[in-house]
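Participant: Listed below, chain by chain, are the residues.
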Amino acid sequence: AQTVTQSQPEMSVQEAETVTLSCTYDTSENNYYLFWYKQPPSRQMILVIRQEAYKQQNATENRFSVNFQKAAKSFSLKISDSQLGDTAMYFCAFGTLNYGGATNKLIFGTGTLLAVQP
Amino acid sequence: DGGITQSPKYLFRKEGQNVTLSCEQNLNHDAMYWYRQDPGQGLRLIYYSQIVNDFQKGDIAEGYSVSREKKESFPLTVTSAQKNPTAFYLCASNSPGQGSYEQYFGPGTRLTVT
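Residue numbers (my numbering), protein chains in the order written: chain A, 20 to 137; chain Y, 279 to 392.
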C-alpha cells in the first residue's frame, strides 16, 4: 500500500526566515506525481507546488521549493522569506495515474500546521 | 471565473436522514473526486469518476453514494448507513488525460449530523 508520512504535526517560524517541512512516502511505482497543498484557516485547498517523479530537477515556485530525493522517497518543502500569509496547514500528497491515465488518486499525509510569527 | 463550487457551506442534519452535497465545476475537467477530512487526518478518498455515468469507490466508500449524469456535476449522498458522517467534505477535479495532474478543490462543505 502506498503511504505518505508527515512527521512534524506543528512547526513555527519567524517572519522572513526559512522553514522546511518534511514528507516521506512509500511506493513501488516508478511513475508518479508529488504535490504540496496549503490549507489556510478558510479551509480552501490551494496547490503550492508539484513534482513529477521522472524529473530530476527540483521544482520551484517563487519562495517555495522542494528537495526531491527519489531513492530516499523524500519530498520536503522549503519556504523562504516566510510571510504571515503562509500560516496554514500544509499537506503532502502522492498520486499515480489509473484508468488509462484518466484519473489520479491522491494519497495525503496528515499535514503539518505551520505558524508564522511576527 | 472558472472554478469548483460546493453548496451549502454548512449543513446540519438529524441522524437517520440522507443528505446530498453538491459539487459543480466549470473547468471542463473530465475527472472528479470526493474527499473527507477529519481533524488530525489528511484527506481520504470517498469516490471518484473519470467520465459521465462511470465512477469508482475510493478508500472509504461505505455509507456514501454518487452519480455523474453530467460532466460538470458530481453530487455526493451521505446515507444513514454512514456511521460517522460529521466531517468536512471536499470536491476536486482535474483532467490527467490532458496533462492536468494536480487536483483543483472546491471550498468544501461542513456537515454536522446530530
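No wet-lab data here; the hints were simulated from the structure. Don't be surprised by glycine CBs; every beta carbon is placed ideally from N, CA and C. It cannot be assumed that every hint is accurate.
[As the list claims (entries may be wrong)] Dumping the calculated DSBU-like pairs for lysine-lysine here, alpha-carbon to alpha-carbon at most 30 Å: (1) Lys92(A) <-> Lys335(Y); (2) Lys335(Y) <-> Lys292(Y); (3) Lys287(Y) <-> Lys124(A); (4) Lys89(A) <-> Lys348(Y); (5) Lys97(A) <-> Lys361(Y).
[Claimed, not checked] A few chain Y positions that, by computed beta-carbon distances, are all more than 12 Å from chain A: (6) Gly294; (7) Gln295; (8) Asn304.
[What the hints assert, rightly or not] One side only, chain A facing chain Y, incomplete, derived with CB under 10 Å: (9) Glu36; (10) Val38; (11) Tyr56; (12) Gln63; (13) Met64; (14) Tyr73; (15) Lys74; (16) Ala112; (17) Leu116; (18) Thr122; (19) Asn123; (20) Lys124.
Participant: Of the hints stated earlier, which fail here?
Facilitator: 4, 5, 9, 10, 14 and 15
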